[in-house]
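**Q** One letter stands for each residue in the lines below.
Number of protein chains: 2
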Amino acid sequence: MGAGIIGLCSAYHIKKDNPNLSILVIDRSSAPGQGDTAKSVAAVRDTFTSEVNRLFASSTIDFYKHVQSELGFNLNLELIGYLWLVSEKQFKGFEAIEDGMRKQGIRFRTFEREELTQLIPDLVLDPASEQSKIIGMDSIFKAVQGLDCGTVSPESIAKFYENEFKKMGGEFQFGIEAKSIRVDAKNRLDLPGEPYVWQDKVFRGVETNHGYISAETLVIAAGSRTPLLLDPIGIDCFVKPKKRQVFQIRGSSLDRLMTTKGFNEQNTVPFTILPKGGVYFRPVRGERSFWVGAADDIGRPFRFEEEPIAEESYYTYNIYPILSEYLPCFANLRPVNSWAGFYDINSLDSTPVIDRISNCILATGMSGSGIMKADAVGRVAAAVFKDESEAVLFGGRRISASRVGLTNRSVGKEEFVL
Amino acid sequence: MGAGIIGLCSAYHIKKDNPNLSILVIDRSSAPGQGDTAKSVAAVRDTFTSEVNRLFASSTIDFYKHVQSELGFNLNLELIGYLWLVSEKQFKGFEAIEDGMRKQGIRFRTFEREELTQLIPDLVLDPASEQSKIIGMDSIFKAVQGLDCGTVSPESIAKFYENEFKKMGGEFQFGIEAKSIRVDAKNRLDLPGEPYVWQDKVFRGVETNHGYISAETLVIAAGSRTPLLLDPIGIDCFVKPKKRQVFQIRGSSLDRLMTTKGFNEQNTVPFTILPKGGVYFRPVRGERSFWVGAADDIGRPFRFEEEPIAEESYYTYNIYPILSEYLPCFANLRPVNSWAGFYDINSLDSTPVIDRISNCILATGMSGSGIMKADAVGRVAAAVFKDESEAVLFGGRRISASRVGLTNRSVGKEEFVL
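Chains as they are written, first to last, in this note's numbering: chain A, 1 to 418; chain B, 419 to 836.
The set of hints was computed from the structure by calculation and includes no laboratory data.
Just so you know, even glycine gets a beta-carbon here, dropped at the ideal spot from N, CA and C.
Be aware that one or more of the hints could be misleading.
Unchecked claim - Listed next, the in silico BS3-like pairs over lysine-lysine satisfying Cα-Cα at most 27 Å (straight line):
#1 A:K167 x A:K65
#2 B:K804 x B:K507
#3 A:K413 x B:K679
#4 A:K133 x B:K604
#5 A:K159 x A:K142
#6 B:K604 x A:K89
#7 A:K261 x A:K65
#8 B:K507 x A:K186
#9 B:K577 x A:K186
#10 B:K434 x B:K560
#11 A:K386 x A:K103
#12 B:K679 x B:K551
#13 B:K510 x A:K186
#14 B:K551 x A:K92
#15 B:K457 x B:K577
#16 A:K186 x A:K386
#17 B:K604 x B:K483
#18 A:K92 x A:K413
#19 A:K142 x A:K39
#20 A:K166 x A:K39
#21 B:K560 x B:K804
To be verified - Computed far set for chain A versus chain B, every beta-carbon distance over 10 Å:
#22 D17
#23 L77
#24 F91
#25 A96
#26 N163
#27 N209
#28 H210
#29 K276
#30 R300
#31 N332
#32 G341
#33 V392
#34 G396
#35 R397
#36 L406
To be verified - Here are some chain A residues the structure puts well away from chain B; computed CB gaps all over 10 Å:
#37 K159
#38 E164
#39 I235
#40 N318
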């Protein structure tokens, strides 16, 4: 269930491990990767302190590199870097964890204020306006670039997995929306009201808007819709949906920022995170625009909507004041486009939940970092499918599947939160 | 918010620690303890392997003993025991953890088959009917009695805390239903759409069916309604509501079971758990009846309803077949009464969640064992209120408050699941 990036990766890896298995992927959209996958800003990074996050992200990025450079399938993977513009306090937090990450092979470069002024002439290091004081905007003390980070095209990644899955004989049906999962007794007695409390349970299939589909195994990769399927059958997947918004900004005043040199071979400004409010922007060179966002936490409801809409006022009052103070080249520009989707947030540890419950496999809880972890998630889902205790990630590193399961979860605490 | 057992204990302990503080407890009912507290089967036990569960339950039971015997306030606490009738396999599971619990001072008594036959002549140790084979009912291999376990009257406990809270000057308003929590900026600018993503958040008060109530600190002890208040403001409390049902059974064929000797000084059968389906019964001597139930897991939705109703068919098909095979004295008896309420289930570790988020304190996630842990929960909530790192439980034992918080949670795994 679900032909987003997670459903595609799971289907691909399960099919690869089980070539004779008949796999049907259903999705409510008309093509793969058209839900929240398509709405992502699609930035990928390997800068995590938790081993699970690091393994998931770095092996997935490595796989994308492999697909692009060795298999010759263009994913628009551009390692333009992540650039954290940090306050003095934030930098101290970074210093405390930097060494551990470097030892794990994560590559960083640090920039001093002087370099930043030179490289990004549009940047205001010391906001001093009345507004910036009200907001509580700190001076930029340094910048930290994650070098093996960048951006991808989710559509291309979806296309890659779709093609490969189809080549192996995998099937899709689109326009099919999973409505409810049918729970039944493992040993049915054909009595009213089964399954009973004393019967072992099994999941027979799924009711859809086009009738019932039965299956030997169900794989739920429905993103933020997962609780809509699991709550009714009494399974807690530790995921709640939260709306996230992206605003597209375009203007000639941004040309210099777009063609920033000194950070990457693409000669563009990295995916950049400002020191306040989590405001970030991603250059989209093909569109000559920037995608801009900021994740709100308390106050933003956990609530699913069928057709989420981006709120212009969210840009105006939450993002713009910060963005335009640090980077006045954004001043007076309004969004030319905007969209909204949902994160499937696991508030517990912001790490994927992959597990088996009877004959149902879950892959959910991406918490906003699904695209950068998708290949690893698919491999763990395939291991869980075969009841293997370990998954072998791209590059040969291994991870115990139970670490991301519900029962014996052990993902550790992520300390890289700038 | 909430004058159930958890709200009452929290209000009492916060008021006790802060005598000059003005505390208002609101509840949608017309009196304390009228929600899910009143619907509980109100059995209490100290038989847990996890330190947190054990500390919470045993200190709370000790406090109830103290209230009843030393303060002379009758809580109808009767230590009739918990009696697990176990299969051979279940007993092996128990043996693996028994020693650890005994070392922690938890008192057990084990009964052999011969003793059980003698003490409970109504009991069928080896179900052999066609039906029992279909259900997969095991022979009873032994029984394990938790000695410092029993039953209480939730109404009396609620009354005790209500009285004490009022004596200290605490106030109640009933018929007031919390509808939504008002999130605001800590430093308000009086601009449209506050709070913004870059503002620190504070909770100003609560909208109710009788207008707005502002408060310096909010304490949410709303049981299964907690997510209804927290989801809209984007806080995940790791709790989902699940319906639970109780059926009252009465009949002269149960008289002998009701007056079972040899287990306790009350000369009644303990609160008893059968080896299959989690079916349990509690003797209610004052009513000359038994309360019977069984907790269903997969298949029972996580879904809140305003007026949950017990389903007679749930008794007929889920409980009765097991109950009447092991104890034919229940044969042909139908429920004379039934009711349903909600557990506030924390699927992660079935242990309370007590934490502070800004000026809002949560006490939720009782998962069906709220009454037996309530006093300890109230003391931890009071410690969290004062930003103290440790709570002192009744009897002087201490617990770090952060162990049951959301961020650095460390409650361990409960292994006593028979």
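**Q** So, for every hint listed, does it hold in this structure?
**A** Against the structure, the hints come out as follows:
no. : hint            : result
1   : A:K167 x A:K65  : 21 Å, holds
2   : B:K804 x B:K507 : 47 Å, violated
3   : A:K413 x B:K679 : 53 Å, violated
4   : A:K133 x B:K604 : 15 Å, holds
5   : A:K159 x A:K142 : 39 Å, violated
6   : B:K604 x A:K89  : 21 Å, holds
7   : A:K261 x A:K65  : 23 Å, holds
8   : B:K507 x A:K186 : 21 Å, holds
9   : B:K577 x A:K186 : 47 Å, violated
10  : B:K434 x B:K560 : 45 Å, violated
11  : A:K386 x A:K103 : 33 Å, violated
12  : B:K679 x B:K551 : 31 Å, violated
13  : B:K510 x A:K186 : 26 Å, holds
14  : B:K551 x A:K92  : 66 Å, violated
15  : B:K457 x B:K577 : 15 Å, holds
16  : A:K186 x A:K386 : 19 Å, holds
17  : B:K604 x B:K483 : 44 Å, violated
18  : A:K92 x A:K413  : 18 Å, holds
19  : A:K142 x A:K39  : 31 Å, violated
20  : A:K166 x A:K39  : 24 Å, holds
21  : B:K560 x B:K804 : 47 Å, violated
22  : D17             : 27 Å, holds
23  : L77             : 29 Å, holds
24  : F91             : 19 Å, holds
25  : A96             : 17 Å, holds
26  : N163            : 37 Å, holds
27  : N209            : 20 Å, holds
28  : H210            : 24 Å, holds
29  : K276            : 5 Å, violated
30  : R300            : 4 Å, violated
31  : N332            : 19 Å, holds
32  : G341            : 16 Å, holds
33  : V392            : 28 Å, holds
34  : G396            : 32 Å, holds
35  : R397            : 27 Å, holds
36  : L406            : 8 Å, violated
37  : K159            : 34 Å, holds
38  : E164            : 34 Å, holds
39  : I235            : 6 Å, violated
40  : N318            : 4 Å, violated
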